[in-house]
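**Student:** Listed below, chain by chain, are the residues.
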Amino acid sequence: MSLVVRIAARNLLQDRLRFIATVVGIVFSIVLVNIQMGLFLSFERMVTTMIDHAPADLWIVPFGTKCFEDPSLLDAHDKSQALTIPGVAKATPVMIGFAEWTVPSGGTTPIFVVGSDQDSDGLRPWNVVKGDSAALKSPDTVAVDNTYFGRLGIDKLGATTEIRGRTAKVAAITDGIRSFTTTPYVFTPLARAQTYMGLPPDKISYLLVKLAPGADIAAVRKDLQTRLSKVEVLTPDQFRARSRNFWLFGTGAGAALFAGALLGAIVGTVIIAQTLYSSTKDHLNEFATLRAIGSSNLYINKIIVSQAVLSAVIGFALAAGIGLVVVAVTARTALPIVMTPELTAGLFLLTVLMCVTSSAAAVVQVVRIDPARVFRQ
Amino acid sequence: MTGPVIEATDIVKNLGEGASRVRALDGVSLALAGGELTLLMGPSGSGKTTLLSILGCMLTPTEGEVRILGRSVAGARPGQLAEYRRDHIGFIFQNYHLLPTLSAVDNVRLALDVRGEPAAAALAKAKDSLASVGLAQKMNAFPRQLSGGEQQRVAIARAIVGDASAILADEPTGALDSENGHAIMMLLSRIAQDRRRGVLVVTHDPRALPFADRIIHMEDGRILNEEYSASINGKRDWFDNVTQFQRPKVPANGAA
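If you're matching them up, the sequences are chains A and B in order. The opening position of the first sequence corresponds to residue 52 in our numbering, with each subsequent residue numbered one higher. The opening position of the second sequence corresponds to residue 14 in our numbering, with each subsequent residue numbered one higher.
Calculated directly from the structure, the hints in this document are not laboratory data. Quick reminder that beta carbons are idealized off the backbone N, C-alpha and C, glycines included.
From chain A, some residues computed to sit far from chain B (all C-beta separations above 10 Å):
no., residue
1, Leu83
2, Val179
3, Gly204
4, Ala210
5, Ala266
6, Ala269
7, Glu283
8, Leu361
9, Ala371
10, Phe399
Below are the DSBU-like pairs computed for lysine-lysine, each with C-alpha atoms no more than 30 Å apart in a straight line:
no., chain 1, residue 1, chain 2, residue 2
11, A, Lys273, A, Lys254
12, A, Lys181, A, Lys220
13, A, Lys353, B, Lys151
14, A, Lys117, A, Lys254
15, A, Lys353, B, Lys140
16, B, Lys138, A, Lys353
17, A, Lys207, A, Lys220
18, B, Lys151, B, Lys140
19, A, Lys261, A, Lys188
Label pairs and their calculated CB-CB ranges:
no., chain 1, residue 1, chain 2, residue 2, range
20, B, Gly129, A, Gln325, 30 to 38 Å
21, A, Val318, B, Pro91, 29 to 37 Å
22, A, Val56, B, Met199, 32 to 40 Å
23, A, Arg67, B, Glu240, 52 to 60 Å
24, B, Ala133, A, Ile373, 37 to 45 Å
25, B, Ser33, A, Gln416, 22 to 30 Å
26, B, Arg90, A, Gly303, 48 to 56 Å
27, B, Gly31, A, Ala306, 50 to 58 Å
28, B, Ala133, A, Arg67, 30 to 38 Å
Start from the sequences, fold in the hints, and give me the full structure.
**Tutor:** Laid out in structure tokens, this is it:
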């Protein structure tokens, strides 16, 4: 171990209580940032989960649609018009909207119905853990996610209830299909979705366009846009971006999460700065001795920055451990916190940056030390 | 070593501002030669420590010039002054100023580490230096585990490990008992003679007198007199005449 690191480590550990306070400050700060950013990533995934799982090359959406959950409607005959465009192999309607689920034990709860033809080109449930999505072809059947069993008041396959006064029998159970709005998704065939929502059969929400092999996506998109009125034709990436922008930034939810993360980082930085400053103050005579024997400012700054980095590494390791526990605990809840390798790396860099930034006040203090003070002490 | 290792000419140092301004040094000239142990004595407030700080490149004089190994340090930036200290001057302080979190050998190694010397070579030199002051068995002891005399030996080892041309010591025996004080002065004397270093010791301690090659007496920011001890017997005379020395003296050769 280099002497610089040894001095830094021992300076830190000399006052154990202060060191613990520093590490706790870093841990709280990083866990807070981790949770905020983990929620952001989780929301980011949730708001696009339907778009991510839809087998579409292009989406035909009502003009001005802001997100997947937008209640605007298309005319069903847009499908036949779309099919006339060269390069369009299939156009599969999707119906989405809110409805009321009768909780078997009493009362109702809002649900978000996703209706689509249950063939390979439709928007079908995924991660089916019980039952079979093919069973949705039977009359009055639905698929629900086990995350929302409590909200829906059911606990098993085959449970029966009513949606908008119509029978609904759980024929498939999925795992991990969560909604950003926390309203449970309920999958069902297109016609039944229209019934559950009380909408006529000539109204749909989206058309999922599948291109013929070799078709030029840009040309088909342009043709569809020209031929169909009051619609927009979006690639999945464009629709994802639009959904993300609406939910995470249009509603302020993302800004609130970022603000929380920023606050966490600022509080952490201030705590570390305070403890590093007071630690440096306690070791002023030692730094003055170093100055007296001719060490450069760089050498002394390396000690202080090493103290900051050591605090960062220890604090981050603990915070990451707590973060993993939080991820595990929330994994099966309606608000799971996501941790990715990129987020972990980013948090580590943030921790180091916070700690190094925090050392600025201590560095300024040490640079101003009069080496001749060693004669007066 | 031919010329003086440190040479100060007409040094003036004003401290403070406005009405509280004090002339701490008033035209002091001094040359410290290699192989010579010089005592700098005088009452508190006479300017000894200020002079030591200036000779050690920790303070810059208001007027006058300091030369280290013939090179003027006038106009040097703080970083350059640090380089002079690091490369040419070893310091010994009354309160040792060892880093409490480092072992004896690491405290000594520090003087080489700040120069960027490779760790293995620095460690070997630090061990040699500690052995030369009689602490071969206490390499890994921490300052709190050492007596005052041993801590001062570590500080001496740190001062000499980098082959500094000049050793500046501020009251090195001030916190030590008679036996340890004697041992420290013996060491410093040996360093001056055997290693041909210029050793300047600021002290009030009469026990240091027998070891001096020269004694400079300061008062009110000026050098009152400068006396040489021609031989060991001469040093003994100094020691025997402590009370006489401490009486106010009329400058024999005038202030330098």
